[in-house]
Amino acid sequence: MANNLSGGFKAYLYRDILIAQRDRGDLSKPLMFFLLVAVMVPLAIAPEANKLSAIAPGLIWILALLATLLSIERLFSEDYADGSLEQLLISPNLLMMPILGKITAHWLVIGLPLTLLSPVIAIWFSLPISAMVPMMLSLALGTAVLSLIGAVGAALTLPRQGGVLLALLVMPLYMPVLIFGSATIQAAVDGLNWLAPLAMLAALLAVAIVLCPLAISAGLRIAKNG
Amino acid sequence: MANNLSGGFKAYLYRDILIAQRDRGDLSKPLMFFLLVAVMVPLAIAPEANKLSAIAPGLIWILALLATLLSIERLFSEDYADGSLEQLLISPNLLMMPILGKITAHWLVIGLPLTLLSPVIAIWFSLPISAMVPMMLSLALGTAVLSLIGAVGAALTLPRQGGVLLALLVMPLYMPVLIFGSATIQAAVDGLNWLAPLAMLAALLAVAIVLCPLAISAGLRIAKNG
Amino acid sequence: MNFNLQWTWFHRLGSPRWFYQQTQRWLPWLAVATLALLVTGLVWGLAIAPPDAKQGNSFRIIYLHVPASVVALAGYYIMAISGAVGLIWRIKLSFMLMRSAAPIGAALTFIALVTGAIWGKPTWGTYWVWDARITSMLILLFLYFGVIALRHTYSNNEAADKAGAVLSLVGMVNVPIIYKSVDWWQTLHQPATIKFTGAPSMHPDMFAPLVVMIIGFYSFYSLALILFARAEILRREYRASWVKQLVSNQPAEK
Amino acid sequence: MTTHTVLKVESLAFERNDAVLFQPVDFELKAGEALQILGVNGSGKTTLFQLLTAILPSSSGQISYREQPLSDCRYEYLSNVLFIGHQSGVKAALTVEENLRWMSPNNTSCEKISAALEVVGLSEYAQIHCANLSAGQKRRVALARLITSQAKLWLLDEPLTSLDKQGVELVERCMNQHLAQGGAILFSSHQDLAQVTTRNYKLEPLMEVA
Amino acid sequence: MTTHTVLKVESLAFERNDAVLFQPVDFELKAGEALQILGVNGSGKTTLFQLLTAILPSSSGQISYREQPLSDCRYEYLSNVLFIGHQSGVKAALTVEENLRWMSPNNTSCEKISAALEVVGLSEYAQIHCANLSAGQKRRVALARLITSQAKLWLLDEPLTSLDKQGVELVERCMNQHLAQGGAILFSSHQDLAQVTTRNYKLEPLMEVA
Ligand code: HEM
Ligand SMILES: Nc1ncnc2c1ncn2[C@@H]1O[C@H](COP(=O)(O)OP(=O)(O)OP(=O)(O)O)[C@@H](O)[C@H]1O
Ligand SMILES: Nc1ncnc2c1ncn2[C@@H]1O[C@H](COP(=O)(O)OP(=O)(O)OP(=O)(O)O)[C@@H](O)[C@H]1O
Ligand SMILES: [Mg+2]
Ligand SMILES: [Mg+2]
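Those protein sequence lines, which keep their order, are chains A, B, C, D and E.
Each residue of the first sequence is one higher than the one before, counting from 46 in my numbering.
Each residue of the second sequence is one higher than the one before, counting from 46 in my numbering.
Each residue of the third sequence is one higher than the one before, counting from 84 in my numbering.
Each residue of the fourth sequence is one higher than the one before, counting from 459 in my numbering.
Each residue of the fifth sequence is one higher than the one before, counting from 459 in my numbering.
The shape of chain A in the complex, shown without the other chains (with noise of 0.2 Å):
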């Protein structure tokens, strides 16, 4: 247990991975939720085409930070209830690369598979074609910022594994991600340079995961004593 090379990324990888989708009997359900929940946005929104295509960078956005929210309470707390996370605590090595491992597992079921299917979506909201490979791009650096900084608030309030309070406390630190990776889209949209805005949420990404995983770790430790 966690005492190979990678210091335990692989190991726990591949745990999370293989729990996701014992727990949800496949991989494909959170594909299906986002599917699902573009489908609704039209409902709720009168759905002439050049109303949706102006707010749908905005919405793809919306939708990638909520699926996020949903699914990144879940991160500790079960580890904290079956003690698992003890265990964690207890292992000689660091704790960033299990850390580094989990939310990377949360990624590749949460944020990869929206970032796969960003396209079908594109089109349902009449989005120009050239603006996929920016639109795509953005999703992946940008996912991946939202898993680090939600994990960041998952460790924080895991005694108490609150959901609203949870949203209050990253919400406002998912802002920059959220303005910038709506700003990509947007600039390919309108034809102007989407190169800034996606290098600053490639700059946002090394930040997080060069001081995340260091908040995660101390809110590990002081949850346990909460």
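To be clear, the hints were calculated from the coordinates, so they are not data collected in a lab.
Keep in mind that the hints are not guaranteed to be accurate.
Claimed, not checked - Here are the in silico distance ranges between beta carbons for each label pair:
(1) 529/D to 655/E: 53 to 61 Å
(2) 534/D to 517/E: 54 to 62 Å
(3) 248/B to 178/A: 43 to 51 Å
(4) 533/D to 655/E: 34 to 42 Å
As the list claims (entries may be wrong) - Mimicking PhoX-like on lysine-lysine, the simulated pairs with C-alpha atoms at most 25 Å apart in a straight line are:
(5) 488/E to 660/E
(6) 623/D to 660/E
(7) 570/E to 55/A
(8) 488/D to 660/D
(9) 660/D to 570/E
(10) 610/E to 570/E
(11) 466/E to 488/E
(12) 466/E to 570/E
(13) 570/E to 623/D
(14) 623/D to 55/B
(15) 96/A to 96/B
(16) 175/C to 269/A
(17) 96/B to 204/C
(18) 488/E to 623/E
All C-beta atoms in this analysis are idealised placements derived from N, C-alpha and C, irrespective of residue type, glycine included.
Fit chains B, C, D and E with the ligands to the known structure of chain A by using the hints.
The following block gives chains B, C, D and E with the ligands in isolation, referenced to the frame of chain A:
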């Protein structure tokens, strides 16, 4: 325990509100959550006032729907984990009343605050003042339906308390609420007759109050059989 | 020996008791200074300073709005830094300061938002506009709320303190990012239709009372922080003998 | 005849996914009697309790309460049953006192609640949230129901787990008192009770039939 | 001198919300020795284990591992510790075999895993999801780690809960074997062990100081 005249309605209502208040420190958190999500929308979508007010009726409803989804999952899952669901199942009275008590508590904590807060969001999105009353009425009725339907999903997904799975189950059932709810506001904005869609919401509520508790008690018994 | 000296100094600084007793002496002076500054600033700003050429008298709300905004922003850093000090050196007192800073900062942010909205009505014709600075201020309010809310999650004070500190540190990294991104988002989407009147271009007669008010607000902030922290100390240290002694020494009547 | 039969189980069987769990169960429980269900881990004791509380439906066989089949007297039966299972139903967010009040019959007086807390040794913890209790203390909160409840039939699934020696004695005393008042107890435990006279019933795994 | 001191605890204390939990703890554990922590419910046994695994920070006192303070040899210490607490860390969504593989050292062979499952009596359940196990069976999954682990120091917080009599014997056999191989065991239990020679250490509640 649950032996009084109302057959457990009041007992479970009080208990669940007390737990909600303990868990979140206070009951103001759902309010902040709504405000926060409302802030995100203009950030993701270009914030010109006329664009925002065009999509506002739909957005307020999507917001209500998501708040319910985020919170309904815990309606039974904690009781299941700590054994109090077992105690509920072996109470000699009918399950209806305790279940309705729990759902009412959920609505008081989530649906009612959202309804009371919606004028702030409406001003933010530059919705006309004349749409306020229909909006609040539709939210009051509609969020109750959302809680009832959500509870069915929560009962059916119980042993796995699956965030995404639950969303997948209940979202199709939420469609009518979403459609009539946003139609009420849209009609009021457009100066049309908004009583018709509101009446539909009231009818949905009547049906849900009768049918959902049945489905929920069946679901809870099945879940224990696992 | 030097080392020893350093540590007693450090220890004293971190001791809630020392803080409580020291501030007892500063408090009256600070209160008087705050009152003097605020009264001077308000009278000068509201009555003496000339009315604005374009906005008339409605501009006078600036004397509440700008100081509140400035101190609300600074307050976040004060909170986060005291949290960091607590985490690194395990000083209880700085956690207490952090905890006290959150509600004060939230209140000031709220004042900034409300006065801004009130000012917005006569100048822009609307209470709210999705402007970059305004939006980031709103998000700051939620960051404060998050720190306040988190402490109810923990029953153990120490854990609650540390969790709050971690969250405010994460927020501190994010505040500039949020500010920049919101700013950027604005310029990207639409040309700024509304511009703040630049501060340096202000007339000195209007500017001087503003400076007085800003200093007054900082002074008020320190006063509030000390009072909140003192209450927090009593609440947390109620078991300590010096607190018991303090309470029993109080005259019973009144 | 004062010692009437409280609970009678006749050739009760349970199938899950078409697999039968234990050999058909037959026993009778009279008022004033305690019956201990024995069986190795996984033999189906917990499942049996869930059958007896009608949480799970039985596949065949009959359960009768005071000579009546359970289906005919469900309300009366369940009103007279106190069941404490592996999960004790203690809510972490509520205090010890709130939990006990919530789990006790409606008309329980405040004095009775605090007396019960006194007996289980939790008076000092009355205002503490149950999330902050130790494993044994949580168990004691659930067991305080033994004192506040008015049910005649106790169904206790491993009541002794996590309890220290005084705790075990305490439960034994409660049980003896209940029996003396004409109550009946069905319980499972891997430990033998020192002070309570019990009969045993052993759950046997099903032999594979060829 | 072959029986070196494995773990030494000197006037260890713990405060939560400024309340001290137990009287300062002092004990020494040598290789080949088992030490049973005694104490009533809520005396702080679980807390002590969390101090010893550095999950919680201690307020004062010193823990040393092989004569070195814990802070100096954290990696070496934790690599040599096997801790099984109240919550056993068994994941409900995984099968018995997957769980054991996941909880065992990396290089554990398949044969060793199935041998361990054989010993704890779960061979037939290897492919069953742990959500579908009985309380005692779940505990046995966790205890199978006693066989696959290579750690020298075992910290077991109430290993015997939910186990039937054979299960208790099984744990005792594992413990004896571990001791014979020069391992050390610190455990808490409200039951007395029949077959393992143990020393006791009693956690005492703190007297209120005036
Ligand atoms: C709800 C609405 C508003 C909010 C949240 C808000 C927020 C802020 C903030 C955060 C500052 C920055 C202080 C600093 O730079 O450190 C500020 C300064 C200022 N605000 Fe507002 N404001 C609002 C509305 C208004 C309105 C309507 C006006 C007048 C037209 C106004 C005029 C100013 C001026 C003159 C300054 C100082 C000059 C400067 O530093 O640029 N604000 N406000
Ligand atoms: N939800 C379930 N789904 C499928 N099988 C189950 C489920 N719960 C229990 N089982 C199986 O039923 C059998 C009996 O379980 P039960 O919990 O009744 O045993 P028990 O006698 O109470 O054991 P213990 O002494 O460990 O508490 C076990 O073999 C278990 O694997
Ligand atoms: N998270 C917590 N926050 C506050 N107090 C706690 C917390 N966990 C335990 N306690 C308190 O600390 C004391 C010791 O608890 P601990 O779990 O260590 O006891 P224990 O000796 O293991 O008891 P048991 O025999 O019941 O398992 C108890 O009085 C309990 O109320
Ligand atoms: Mg059992
Ligand atoms: Mg314990």
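Regarding the pair residue 96/B and residue 204/C, is the alpha-carbon distance no greater than 25 Å? Answer holds: residue 96/B to residue 204/C is near 21 Å, not above 25 Å.
Residue 660/D paired with residue 570/E [C-alpha distance capped at 25 Å]: violated, 33 Å
Hint check for residue 655/E and residue 533/D - Cβ pair distance inside 34 to 42 Å: violated, 56 Å
Distance restraint evaluation - residue 529/D, residue 655/E, Cβ atoms, bounds 53 to 61 Å: Given about 55 Å between the Cβ atoms, the range holds.
Below or equal to 25 Å on CA atoms is what counts here, so check residue 570/E against residue 623/D. violated, 37 Å
In this structure, is the beta-carbon distance linking residue 534/D and residue 517/E contained in 54 to 62 Å? holds, 55 Å
Does the alpha-carbon distance linking residue 175/C and residue 269/A stay inside the 25 Å limit? holds, 20 Å
So if I understand the rule, the pair passes when the alpha-carbon distance is 25 Å or less; does residue 466/E with residue 570/E pass? violated, 32 Å
For the pair supplied as a hint, residue 623/D and residue 660/E, is the alpha-carbon distance within the 25 Å limit? At roughly 14 Å apart (the allowed maximum being 25 Å), residue 660/E and residue 623/D satisfy the hint.
Is residue 488/E close enough to residue 623/E, meaning Cα to Cα at most 25 Å? This hinted pair is violated, its Cα atoms lying about 29 Å apart.
Satisfaction of hint between residue 660/E and residue 488/E, Cα-Cα up to 25 Å: Answer holds: residue 488/E to residue 660/E is near 18 Å, not above 25 Å.
Tell me if the straight-line CA distance from residue 96/A to residue 96/B falls inside 25 Å. holds, 8 Å
Hints 4, 9, 12, 13, 14 and 18 from the list above are not met by this structure, while the remaining hints are.
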